[in-house]
Structure formats: C-alpha cells, structure tokens
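Peer 1: The sequence shown begins at 1 in the numbering used here and counts up by one.
Don't take every hint at face value.
Claimed, not checked - As a list, the in silico DSSO-like pairs of lysine-lysine whose alpha-carbon atoms are at most 30 Å apart:
1. Lys66 - Lys25
2. Lys25 - Lys85
3. Lys84 - Lys177
What the hints assert, rightly or not - Across the chosen pairs, the derived CB separations fall in these ranges:
4. Lys85 - Arg191: 30 to 40 Å
5. Ile142 - Gln34: 17 to 27 Å
6. Pro216 - Glu37: 48 to 58 Å
7. Phe82 - Thr207: 11 to 21 Å
8. Pro5 - Lys173: 19 to 29 Å
9. Gly87 - Asp157: 16 to 26 Å
10. Lys25 - Val4: 30 to 40 Å
11. Gly87 - Tyr53: 39 to 49 Å
12. Ile142 - Arg208: 42 to 52 Å
13. Asp81 - Tyr33: 37 to 47 Å
14. Val29 - Ser218: 24 to 34 Å
15. Pro223 - Thr54: 51 to 61 Å
16. Phe82 - Pro216: 55 to 65 Å
Because the hints were derived from the structure by calculation, they are not lab data. A virtual CB, placed ideally from N, CA and C, is assigned to each residue, including glycine.
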Amino acid sequence: MGQVPKLLLHRLFPNVRFSLWIDGKLQLVVDPYQILERFLWRQNATFAISRHYTRFDVFEEAEANKAGGKYDNASIDYQIDFYKKEGLTPYSASKLPITSGRPMPCVYECVFGMCLQLKINFFFNRVFADVPEGCVIIREHIPITNLFTCLWFNEIDRFTSRDQLSFSTVRDKIMAKVNWTINMFLDCERRNIVVQAYHRDLLEQRTRLAGSISHPPSRPPPPLPLVRNNNLAVRTPAKKNPIRRGRGDKKSGARRHRKVAAGNRDHILV
Numbered sequence: 001m002g003q004v005p006k007l008l009l010h011r012l013f014p015n016v017r018f019s020l021w022i023d024g025k026l027q028l029v030v031d032p033y034q035i036l037e038r039f040l041w042r043q044n045a046t047f048a049i050s051r052h053y054t055r056f057d058v059f060e061e062a063e064a065n066k067a068g069g070k071y072d073n074a075s076i077d078y079q080i081d082f083y084k085k086e087g088l089t090p091y092s093a094s095k096l097p098i099t100s101g102r103p104m105p106c107v108y109e110c111v112f113g114m115c116l117q118l119k120i121n122f123f124f125n126r127v128f129a130d131v132p133e134g135c136v137i138i139r140e141h142i143p144i145t146n147l148f149t150c151l152w153f154n155e156i157d158r159f160t161s162r163d164q165l166s167f168s169t170v171r172d173k174i175m176a177k178v179n180w181t182i183n184m185f186l187d188c189e190r191r192n193i194v195v196q197a198y199h200r201d202l203l204e205q206r207t208r209l210a211g212s213i214s215h216p217p218s219r220p221p222p223p224l225p226l227v228r229n230n231n232l233a234v235r236t237p238a239k240k241n242p243i244r245r246g247r248g249d250k251k252s253g254a255r256r257h258r259k260v261a262a263g264n265r266d267h268i269l270v
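Please take these sequences and the hints and turn them into a complete structure.
Peer 2: Right, here's the structure in full:
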C-alpha cells in the first residue's frame, strides 16, 4: 500500500528527524536542505503540504473523484456523509481562519526571464485549504506530526484511499485541541521544487505500445503505360529520347562505311 511510506514513515525510520516525501510521478530539482529551510524553518512549522491547484472544498473534491472514476462512488458518498455528521461543512467565510480558507491566487511577473511570485496573504501565511495536493509532504518527526499522520492513515484505511477527502477532518480535530498549525503552501511553490514526470508503469505501457505499432508497407511503383495493338493490350517500357549526333559525326560515319564496302568489293573480284 502506497500510503504506508507516505504517512507512516516515522515507523519505518524511527531515528529520522526530518523527511521529504514526493510522489513517484515527480522529480526533485532542489536541494532538500533548501526545502526544509523554506517550508519548515522559515515558517516555524513542523508539517508542510501543498494545496490543491484548483479545488479547496472537500465536497467538490468528492464530486471530482466520482466523475473521474478514482474510487467507488458509493464508498465516497458514505465517507462524505459520515464526515457531515461529524461536523464537516462546505467552505464559507465563517470557517476562517481555524479550519480552511480559499487559496489565494498566485501572480507572476516575468523579469529578465525569471518569474517573481507575488503572494497576497491576509493571515500571515496561515490561510488553509481543505483539499491538499498530497504529492509533496515535508515534516519534522515529532509526536504531534506522528499523531497527525497516524490518524490520517486510520481514516484512509477505514474509508477510501483518496487521502484528500480525510485530510481536513483530521487536521481540524487536532487543531481544535492543540496549538499546532500546518504550512499549506501554494501549488506554484511546489512546482519550483519538483517537476512533473510519469509513473514507471505508464512509461512501460507507452514503450510496449510503441513497439507494437506496425507501419504500413511502402506503396508499389506505378504500372507501365498500356499500348493497344490488334485489340491486345501490351505493356511497353517508356521510350528513351534518341541521342542526336553532330554534323561531323554523320560524315565520318558515311566515309568509313564507303571505305569498308570498297575493300570488300575488291576482295570479291580477286
């Protein structure tokens, strides 16, 4: 199960202090120490995860999962109905800033080929979203983050494997009792540290498809023209243009022919 190394990494490596988990379809392009400094140490946070690039409401995420066939629709509906009974509500301004807030847009300005990110943040970089991207997780292995990932894993094991649906419920329950926050950075910041790649199984599938494609044979040459003679169709090759000789060539050939003919006549008479 892919969620075990993603969320229970502190159990696999109990002596590790920090960890950086990225999805198999991504490739890291930045020094890991710079990532820790940017998303944990500079923000005084112990857990960082990227927000979803378009959706921030769990109900919208559930409908998108059902439309995309990500999981069984009945199981998704059962999970969302259970969370509604637990107090989950759609996004509204009244939920700020404790639970979730609409992700602020990113504005880019190109200067000499470099993109500068201008972020508008009214909550001191603590504006949350209910739906994470989930492909990049940066964490410090301390008891509160270990508890959060364990509870998150329990929800995934209990309901569906779509971890975006259960993230906000676990986070809000912990934040309601403990003074602890999560750094949910913007998706455009995530694109600065990882680049999109493809899963190994998708690459192997594309390789097999490329090898099974057979190209059509080349077209045969056009047929020779038909010449009708006595009601019979005869294929004749194309005539070549005769080579024209000069005037001097004709005279020399005629003289040579006369000399040979005269010699032959004398030989016959003798």
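Peer 1: A separate judgement is required for each hint: does it hold in the structure or not?
Peer 2: Right, here's what the structure says about each hint:
no.: 1; hint: Lys66 - Lys25; result: holds, 22 Å
no.: 2; hint: Lys25 - Lys85; result: violated, 35 Å
no.: 3; hint: Lys84 - Lys177; result: holds, 20 Å
no.: 4; hint: Lys85 - Arg191: 30 to 40 Å; result: holds, 37 Å
no.: 5; hint: Ile142 - Gln34: 17 to 27 Å; result: holds, 21 Å
no.: 6; hint: Pro216 - Glu37: 48 to 58 Å; result: holds, 57 Å
no.: 7; hint: Phe82 - Thr207: 11 to 21 Å; result: violated, 42 Å
no.: 8; hint: Pro5 - Lys173: 19 to 29 Å; result: holds, 24 Å
no.: 9; hint: Gly87 - Asp157: 16 to 26 Å; result: holds, 21 Å
no.: 10; hint: Lys25 - Val4: 30 to 40 Å; result: violated, 18 Å
no.: 11; hint: Gly87 - Tyr53: 39 to 49 Å; result: violated, 27 Å
no.: 12; hint: Ile142 - Arg208: 42 to 52 Å; result: holds, 45 Å
no.: 13; hint: Asp81 - Tyr33: 37 to 47 Å; result: holds, 44 Å
no.: 14; hint: Val29 - Ser218: 24 to 34 Å; result: violated, 44 Å
no.: 15; hint: Pro223 - Thr54: 51 to 61 Å; result: holds, 60 Å
no.: 16; hint: Phe82 - Pro216: 55 to 65 Å; result: holds, 56 Å
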